[in-house]
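J.: The hints should help you fit chain F onto chain B, whose structure is shown.
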Amino acid sequence: MASLSPGPLRRYRWKELGLLIIPFMILLLEMIQLPIAQLYQSTLRTNQLSIPFTPAILPTIRDLIPVLGLIAALAAMNMLLSFFFPKADQVLLPLVGLLSGIGVLMALRLGPEPLVRDPMLGTRQLAWVLFGLLICAATLFLLRNMNWLKRYKYTWALLGILLVALTIVNALRVKNLNSPTHDQLNFGPLNLQPSELLKIFIVVFFAAYLSENRDVLAEGNIRLGPLRLPPLRQLGPILLMLGIALLLFLVIRELGLALLIYGIFLSMLYLGSGKLSYVIGGLLVFVALGFIGFKLFGYIQVRFAAVSLDVVNWQNWSQATVDFSRNGAGQIVQGIIALSSGGIIGAGFGLGHAGALVPVVQSDMIFTALGEEFGLAGLFAITGIYLLIIYRGYRIAIEASNEFDQLLAAGLTSIFAIQTVIIVAGNMKFLPLTGIPLPFLSYGGSSIIANFIIIGILLRISHNTALERAGLA
Amino acid sequence: MTDVFLLILRLLLIVLLYLFLMQVVIAITRDLRKTAAISADVAGKAPPVVGHLVVVDSGPSNVLPGTRFDLQPQTTIGRGPTNTIQLTDNFISGEHTRLWFRNGVWYVQDAGSTNGTFVNNQPARDALAAKLGDIIQVGFIRFKLGA
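Same order as they appear, the protein sequences are chains B and F. Taking my numbering, the leading residue of the first sequence gets 1, the next gets one more, and so forth. Taking my numbering, the leading residue of the second sequence gets 474, the next gets one more, and so forth.
The following block holds chain B by itself, in its conformation from the complex:
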């Protein structure tokens, strides 16, 4: 009888369970608010009378089913981790659970909106999150031995190239590069975005390769003025991988992915070699490449023009600027208006208008919808959650016992960080807007699955590290 021994109870992840309580409360609270808010808004549209507050407008248990299901899944995950991986990090699951829960709620809320028109959006997002939790558990079980990832590094690189090739073929078939779905692969009813998995393959390959060639790379034997460059023979495979990824994404107009992959490359090179000069050299190359891209591709110029738009000074806009703000930069301008109308405490969940005004609000522009409904205070809290996840990831990397685990954990966390920065800055008009999802909040199955795989790998690395520590002590 396991219950008689104090072991399982003492080993139970109480801290994680304790941290999950407030997220559960938040999710329930929002789920209760959603139908009331929708009723409130529809009454406001028809007649200006205020509706009386009676218990009848409170949602029934049946309305709460999506969130109750998610809560049950998170609690089950907590139990599973306690039994099989008791020493894995206890802070990640509550943070990720809250983020993905808010993502499901936003999908439920935005589904019926005029610009989305997809009543099943929330249900599907919920299914993806549940499936993602399963995948996360599967990742934890499968990665019994990290060396397996390291040994087959060229296999991962090859799979990555295959994914890129599939994307390219699909993009050429679709032809219309301006359609938002040109980077998706359709397998029956599933729309897969191969780029989401590609970034994981790239990080695994970089981590395995860099951990093997770290000494040579750290020496740097080619001098170029004040900069010391790593030997080309060792850098060759990485540069090749990087070149393929970058070139192809520029060809099919995936600016955000190119930016993300280059960012991962630079941060991992710095983590592996500890040389700031490589990063400076890389940034110079990036500026040069960016300038060439700016001159060559018209669509990049449009994106930059949108960034330089002076929204605050809208009263003095010329007719050309007004036209541009309606067509070329319409998405960003509407997003900014949504953000500003949210104010400090927000319009309230379910009471904003981003779903009716901002194009692609359910995935790329989700941050503006959050900003409108949860306000500046809510955005700060959400950014705080991201920061804590990133902090925890780097902490796991620092504590990991071997170079490959360290580089892998740091690289995966860097993906997460860079992706969040790129899309949030894009939404707020600090960077050119690019179509990559906000981790865990945006609608999209591939993104959810890929991010849960990342979390699974991080949890596994932290569990392995703790086991090794306990074995040594």
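Just so you know, these hints were derived from the structure itself, not from any lab. Virtual Cβ for every residue (Gly too), placed ideally from N, Cα, C. Incorrect hints may have been included.
To be verified - Restraint-style ranges between C-beta atoms, simulated for each label pair:
1. L142/B x W573/F: 43 to 49 Å
2. V488/F x A470/B: 36 to 42 Å
3. L484/F x S340/B: 16 to 22 Å
4. F304/B x Y491/F: 33 to 39 Å
To be verified - In silico EDC-like pairs for lysine to aspartate or glutamate, Cα to Cα no more than 20 Å straight-line:
5. K429/B x D310/B
6. K15/B x D504/F
7. K507/F x E468/B
8. K153/B x E403/B
9. K617/F x D607/F
10. K507/F x E399/B
11. K429/B x D323/B
12. K275/B x D215/B
13. K87/B x D504/F
14. K275/B x E212/B
15. K153/B x D215/B
16. K617/F x D562/F
T.: Using the frame of chain B, we list chain F on its own:
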């Protein structure tokens, strides 16, 4: 009335979000304190440093001259990961040299290496006593023994 209820829910949400953040930060801080205490424990238990080896001639290896290595009362030098001082050099054997400090005197003995250990150019196949300032050669790397 409903708008008041909605406003309360809105404020409650923000309060809960920040409570959650606070709870996580507290949990993390507690974690950090615990690991700091554990590493302080480990540092407290570490054997005392009773001497140094300073590289005077690195030979063919990539160890920089002037590098200082701490000596514990029982020290082993070699390429293997179990050694107190690990040197990655082709001329260093897996377990190369043993040094120990007894009654105020350092003793040096070769641990069955290929390229030998020397104290002041005398082969140390058997244990040799060494004074401060003596030259100890491990493979082709020469060290000076210091306090």
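J.: Does each hint fit the structure? Answer for all of them.
T.: Hints versus structure:
1. L142/B x W573/F: 43 to 49 Å: Taking Cβ atoms as reference, L142/B and W573/F lie about 48 Å apart, which means the hint holds.
2. V488/F x A470/B: 36 to 42 Å: Holds: the Cβ-Cβ distance is about 39 Å, inside 36 to 42 Å.
3. L484/F x S340/B: 16 to 22 Å: holds, 21 Å
4. F304/B x Y491/F: 33 to 39 Å: holds, 37 Å
5. K429/B x D310/B: Within the cut-off at roughly 10 Å; holds.
6. K15/B x D504/F: holds, 11 Å
7. K507/F x E468/B: Between K507/F and E468/B the Cα gap is close to 17 Å, so the pair holds against 20 Å.
8. K153/B x E403/B: holds, 15 Å
9. K617/F x D607/F: holds, 6 Å
10. K507/F x E399/B: holds, 14 Å
11. K429/B x D323/B: Satisfied, since the Cα-Cα distance of roughly 18 Å is no more than 20 Å.
12. K275/B x D215/B: This hinted pair holds, its Cα atoms lying about 12 Å apart.
13. K87/B x D504/F: Since the Cα atoms of K87/B and D504/F sit roughly 13 Å apart, the hinted pair holds (cutoff 20 Å).
14. K275/B x E212/B: holds, 17 Å
15. K153/B x D215/B: Between K153/B and D215/B the Cα gap is close to 19 Å, so the pair holds against 20 Å.
16. K617/F x D562/F: holds, 18 Å
Every hint, counting from the list given before, is met by this structure.
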